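Undergrad: All chains, full assembly: derive it from the sequences and hints.
All residue numbers for the sequence shown refer to the numbering used here, where the first residue is 5 and numbers rise by one.
For the record, the hints were derived by calculation from the structure and aren't laboratory data. All of these numbers come straight from a predicted model, not from anything done at the bench. The C-beta atom is built at its ideal place from N, Cα and C for all residues, glycine as well. Fair warning: there could be bad hints in the mix.
As the list claims (entries may be wrong) - Cut-off 30 Å, straight-line C-alpha distance, at most; resulting in silico cross-link-like pairs (DSBU-like, lysine-lysine): (1) Lys92 - Lys77; (2) Lys315 - Lys297; (3) Lys315 - Lys250; (4) Lys295 - Lys315; (5) Lys297 - Lys250; (6) Lys126 - Lys315; (7) Lys250 - Lys295; (8) Lys77 - Lys315; (9) Lys92 - Lys126; (10) Lys77 - Lys126.
As the list claims (entries may be wrong) - Derived Cβ-Cβ restraints for the label pairs, each shown as a range: (11) Ala146 - Lys297: 36 to 42 Å; (12) Glu151 - Phe176: 35 to 41 Å; (13) Ala189 - Thr168: 15 to 21 Å; (14) Asn141 - Gly91: 16 to 22 Å; (15) Val143 - Lys77: 17 to 23 Å; (16) Lys297 - Lys77: 46 to 52 Å.
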Amino acid sequence: MVGAWWHRWSKDHRASRQSGDEADADDLDDETASLLSMLPLCSIVVDADDEVIRCNPQAYRFNVVRDDAIVDKAVLEAVDRVRRTGGKETFDLTTHTAPGRSDDGDAGAGVAQGVSRPNWLKVSVGRVGGFVIVLLNDVSDAVRFAETRDSFITNVSEQLLRPTAALERLSFDIANSADDPARIAEDAGEVRHTSRRLNRMVSDLLLLIKAQEPIVPSSANRLSLLGQAREVVDALSATAKGQGIKLALGGDRELTVNGDGDQIRVALTKLVENAIGYSNEGGTVNVAVAKTKDGAHAVVRVIDQGVGIPKAEQERVFERFYRGSQQNDRTADGIGLGLAIVKHVALTHHGTVAVWSMPGSGSTFTLTLPLAQ
Numbered sequence: 005m006v007g008a009w010w011h012r013w014s015k016d017h018r019a020s021r022q023s024g025d026e027a028d029a030d031d032l033d034d035e036t037a038s039l040l041s042m043l044p045l046c047s048i049v050v051d052a053d054d055e056v057i058r059c060n061p062q063a064y065r066f067n068v069v070r071d072d073a074i075v076d077k078a079v080l081e082a083v084d085r086v087r088r089t090g091g092k093e094t095f096d097l098t099t100h101t102a103p104g105r106s107d108d109g110d111a112g113a114g115v116a117q118g119v120s121r122p123n124w125l126k127v128s129v130g131r132v133g134g135f136v137i138v139l140l141n142d143v144s145d146a147v148r149f150a151e152t153r154d155s156f157i158t159n160v161s162e163q164l165l166r167p168t169a170a171l172e173r174l175s176f177d178i179a180n181s182a183d184d185p186a187r188i189a190e191d192a193g194e195v196r197h198t199s200r201r202l203n204r205m206v207s208d209l210l211l212l213i214k215a216q217e218p219i220v221p222s223s224a225n226r227l228s229l230l231g232q233a234r235e236v237v238d239a240l241s242a243t244a245k246g247q248g249i250k251l252a253l254g255g256d257r258e259l260t261v262n263g264d265g266d267q268i269r270v271a272l273t274k275l276v277e278n279a280i281g282y283s284n285e286g287g288t289v290n291v292a293v294a295k296t297k298d299g300a301h302a303v304v305r306v307i308d309q310g311v312g313i314p315k316a317e318q319e320r321v322f323e324r325f326y327r328g329s330q331q332n333d334r335t336a337d338g339i340g341l342g343l344a345i346v347k348h349v350a351l352t353h354h355g356t357v358a359v360w361s362m363p364g365s366g367s368t369f370t371l372t373l374p375l376a377q
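TA: Spelled out as C-alpha cells, the structure:
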C-alpha cells in the first residue's frame, strides 16, 4: 500500500513540477505536507543539507532523529544513496527507545519510567524533488505478538502433553507392575498434579475471556476490599507456609468497592501467588488495603522482598502469555496469564494496576479501584 501511494505521489509531484506548480525549493509544498500528515506512518523530510525540516514525534521516540538530524547510521546512509542515485530503498531496522521517551503504555497498567525498549521498523526512503522522505512503519507489536505467541504455544503444548504422558505411565504400570503399589501411587500422584495444572490453565483462559465486560456499579455488588483480600490470604497461607514465606495483611476494613467478588479474588490471588513464587525463603509478603489521597479510590498493594523484575521487562509483565526471565521451580509451570488477568479485572472494574520493582529488592503491585457508589 505504501509502495503504491509512493508511486502515485511521486508521479503527481513530477507532473506538478513540469506544469510550473512546484513550491519554493526551501519549503515542503502544502499538498505534500497534507499527504504526509494523513499517512498512518511516521515520516521524516530531509533537505539537501541533511537537516530534518519536518518529522513526526515518533521519529524521536524511535531514536532515529535527535536535534533536527537523523542519528541512525543505516537511515542516514540510505538517505545519502537515494539522494545521489534516486529510486527507493526499503529495509528492516531495529532501534531502542531512549529512556524518558517510552509510550504511555496500555490503559489500566502502569510501569516504572526510564525503560529502553526495542522498536522493529520497516523503513522506506525515497527522493521527491530536492527532498528525501523517510517513512517508518512500526511493526513492533506484531513482532512482540509473534514472539509471545510462539512461547505460549510451546508452553501450552507442554502443559497438555504432561497429563497424557502421566496417564500413559500410570496405565502401563497398572498393567505391568500391579505388584508395585508404591510405583502406581507415584504415577497416580503425577496424574493428579498435572491434571490440576491443566484445570487451572483452562480456568485462567476462561476467566480472561469473561473479564471483558465493564462492571456496572449497584447496591448488589458492593464488596469489602479488605474482606476479599483476607479470603485470599487465608486460602494461600498454607502454600506460603510450606515455602517458608510469611503472609501479612492489614488495612481499612471500611473500604468498599463495586465489583465481581470472584474476579477480584482471582486478581488478588494472582498477585499474592506471584509474590510468594518470587520471594526468598524466610521472606514476607505484605498485603495492604488503603484509600488514595484523593479519597476516591481504594488500593491494594502486594509487596514482596523477592528477586524483583528487570527494568526492561516491567512494561511487558501485564501482556497475555508473557513470561519474564526470573523463573524458578515454583513459577516454571505458569503460562503467562496471571498478571494479564489482573490487568483485565482492573479494567472491567474501572481501575488500574501498576508495578514498581527493583532487581534484588522485590516488587510492589498496586491494584487501584474506585470506591463504591
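Undergrad: Next step is simple, just say for each hint if it's right about the structure.
TA: Tested hints:
1. Lys92 - Lys77: holds (17 Å)
2. Lys315 - Lys297: holds (27 Å)
3. Lys315 - Lys250: holds (26 Å)
4. Lys295 - Lys315: At roughly 28 Å apart (the allowed maximum being 30 Å), Lys315 and Lys295 satisfy the hint.
5. Lys297 - Lys250: holds (29 Å)
6. Lys126 - Lys315: holds (26 Å)
7. Lys250 - Lys295: It holds: about 24 Å lies between the C-alpha atoms, which stays within 30 Å.
8. Lys77 - Lys315: With Cα atoms ~27 Å apart, Lys77 and Lys315 stay inside 30 Å; holds.
9. Lys92 - Lys126: Holds, because 13 Å separates the two Cα atoms, which is no more than 30 Å.
10. Lys77 - Lys126: Holds - the C-alpha atoms of Lys126 and Lys77 are around 15 Å apart, at most 30 Å.
11. Ala146 - Lys297: 36 to 42 Å: holds (40 Å)
12. Glu151 - Phe176: 35 to 41 Å: For Glu151 and Phe176 the Cβ distance comes to about 37 Å; the hint holds.
13. Ala189 - Thr168: 15 to 21 Å: holds (20 Å)
14. Asn141 - Gly91: 16 to 22 Å: holds (19 Å)
15. Val143 - Lys77: 17 to 23 Å: holds (21 Å)
16. Lys297 - Lys77: 46 to 52 Å: With a Cβ separation near 48 Å, Lys297 and Lys77 satisfy 46 to 52 Å, so the hint holds.
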